[in-house]
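Chemist: Sequence:
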Amino acid sequence: METAIARHGSPEVNDSLIHRGTNQSGMRDHNERLVLSLVRQHGSLAKSDIARMTGLSAQTVSVIMRELEEEGLLLRQAPLRGKIGQPSIPMALNPDGAYFIGLKIGRRSAELVLIDFLGHVRSMLQHSYRYPAPRETVDFVSNGMRQMRGELTPAQDKRIAGLGIAMPFELWNWADTAGAPRDAMDEWRHRDIRADIQAQCDFPVYLQNDATSACGAELVFGQTGAARDFVYFYIGAFAGGGIVLNGRLFGGPTGNAGALGSMPVPGPDGKPTQLIDVASIAMLEKALNARGVEASHLWTSPEDWGEIGPELDDWIASASQALAYAIVAASSVIDFEAAVIDGWMPKAVRRRLVDAVIAAIATIDGEGLKLPAVREGTVGIHARALGGASLPLSERFLIGSTTISRSA
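Numbering (full-length UniProt numbering), first residue to last: 1 to 408.
Honestly, the hints are just simulated from the structure, not real lab data.
Check the hints yourself; a few may be wrong.
What the hints assert, rightly or not - With beta-carbon atoms standing in for the labels, derived distance ranges:
| no. | residue 1 | residue 2 | range |
| --- | --- | --- | --- |
| 1 | K286 | E170 | 19 to 27 Å |
| 2 | D183 | R66 | 53 to 61 Å |
| 3 | R189 | R149 | 47 to 55 Å |
| 4 | I364 | G43 | 21 to 29 Å |
| 5 | L75 | D335 | 34 to 42 Å |
Fair warning: this is a prediction, and the values are worked out from it, not measured in the lab.
All C-beta atoms, glycine included, are put in the ideal place defined by N, C-alpha and C.
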């Protein structure tokens, strides 16, 4: 039998079909994606639940779920017995149904992660550097994949469905900010990192902006609640973000929609500047270095920065003000339900930043706007790497893929 991993492709899905299935045989792939998406969202569902949610006939749902079970993507759960009739049998995702690899390429480190079908991390590797270099990155991925795949059984290894790369677009423009030699960073301009890594893989390789990928991780793995439209900010070495509309990651025609780091905001002197020049953690590092404080722990110890001092207070004050303006400005275009803020920082710092953003928004004139609820992200420091891994998961198994660069 043709496996689900080989068969599930990348169909074009109309927004109107996201909640409803179709009984036409030509939409088999869409219906299977719809079932997998619903089961992922709810944890487990019985056939009757899916038929009611999708409008599919009971017979169609029965056939779909039986095939997904045979293909190893769904597992039967314990029967639920009611007062009358036959017991219902919920179905849940099989953790070993598929595996995905995510690669984050950042300013000071790269991360490689292997996750299962539920999004649980099975293995993670990190590589630190002064600045990212293409050849060094490819070697890290090659060695890392060899180690990760060596820990899987042959059957599990065959179920790796893809690798997703999360990295800033136009990385060569980082030279000055990253403190890297221009000629070294310019190598990125002439290298196709996706093609370099694809040459080592027998499964498809995908590419997306790192902050947009982090947004995808929040959508697929996070606790977004009922919010189907939200603006997302990831505060790493550089601030960026993404947009979710109608429960889908929106990349736009070029994949650059939600380039929130480029959003104009008031600078410290009141003149317009970009969000990336105020809210990025690189600005905190710069302030610490100016005081003679070595700040490498900002990148190597994201779970605990220790005592930093007034520079952290100043950064939170300026970053929160800039984020507040960005959220209000974004809300004038789309009435988002929520604004989610996550980043490469300790949870306590993230909490302080979000609280400060909420306070700052209250000082801005938002008349005529319905401002979103501001809340913390729920994925955390590894959102970009997990977002990379979510690219093949979303593209091959879920409803609503986004615009990404991928293998032919």
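Chemist: All the hints need checking, so say for each whether the structure fits it.
Modeler: Now the hints, each set against the structure:
1. K286 x E170: 19 to 27 Å: Hint holds: Cβ distance 21 Å, inside 19 to 27 Å.
2. D183 x R66: 53 to 61 Å: With Cβ atoms ~58 Å apart, the hint holds.
3. R189 x R149: 47 to 55 Å: 31 Å, violated
4. I364 x G43: 21 to 29 Å: This hint is violated: roughly 39 Å between Cβ atoms.
5. L75 x D335: 34 to 42 Å: 39 Å, holds
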